[in-house]
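Asker: For reference, the chains in residue letters:
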Amino acid sequence: SQKIEQNSEALNIQEGKTATLTCNYTNYSPAYLQWYRQDPGRGPVFLLLIRENEKEKRKERLKVTFDTTLKQSLFHITASQPADSATYLCALDRGSSNTGKLIFGQGTTLQVKP
Amino acid sequence: DAGVIQSPRHEVTEMGQEVTLRCKPISGHDYLFWYRQTMMRGLELLIYFNNNVPIDDSGMPEDRFSAKMPNASFSTLKIQPSEPRDSAVYFCASRGRGGKLFFGSGTQLSVL
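So the sequences go chain by chain: A and B.
Quick note, the first sequence lines up with residues 13 to 126 if you use this note's numbering.
Quick note, the second sequence lines up with residues 117 to 228 if you use this note's numbering.
One chain only, chain A, in its complex shape (with noise of 0.2 Å):
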């Protein structure tokens, strides 16, 4: 069956210090992948999406890396800040086709600590 798993467990880490999160997908060939950040009581919020040919992508301190034959992703934030904290959620699409049907991860809970 199709799976998308995230770290179910809670990533705690230090102000300054890197966050790696990661997304591991099983039976998908998604097209693209995408990250979107949560806050408590709120929607999910777009940060980045990387496309099947690209290897990695940035934006500001978050960056992205899309491997295809290990389908897996990984998520960084860089010089991480206690506003970092949120859960993170990882999106693949179910068609080979750009439709934006996606499914979502679990997500994991960054907690940057001060």
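Examples of chain A residues toward chain B, derived with CB under 10 Å:
hint, residue
1, Tyr-48
2, Pro-56
3, Gln-118
Keep in mind the hints are simulated off the structure, nothing from the lab.
All C-beta atoms in this analysis are idealised placements derived from N, C-alpha and C, irrespective of residue type, glycine included.
Here the structure of chain A is known, so what remains is to put chain B in place on it, guided by the hints.
Answerer: Quick look at chain B alone, frame taken from chain A:
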């Protein structure tokens, strides 16, 4: 732009009652999605529309759930009759350029 607007923000109802959730997508977006989020199952896709037409409703749990999109600026998700296991946060999202989704703030539904 006000973003995706959902109402109500919170809904508390008794088992067996009809519940209607509402969504106004971002103007110009041609895809609209309904998701449900629970601790156990995470964020699940229920149904999505393209140009007001339902494309895939395979995620709708059962016949008690129905969704409509009568025009480009309005959609409803209805549960009739509601059951306690329907308690969750229901999100509406619309699609912008490049496939990224814009989510509303959600409706927290509690069925007693």
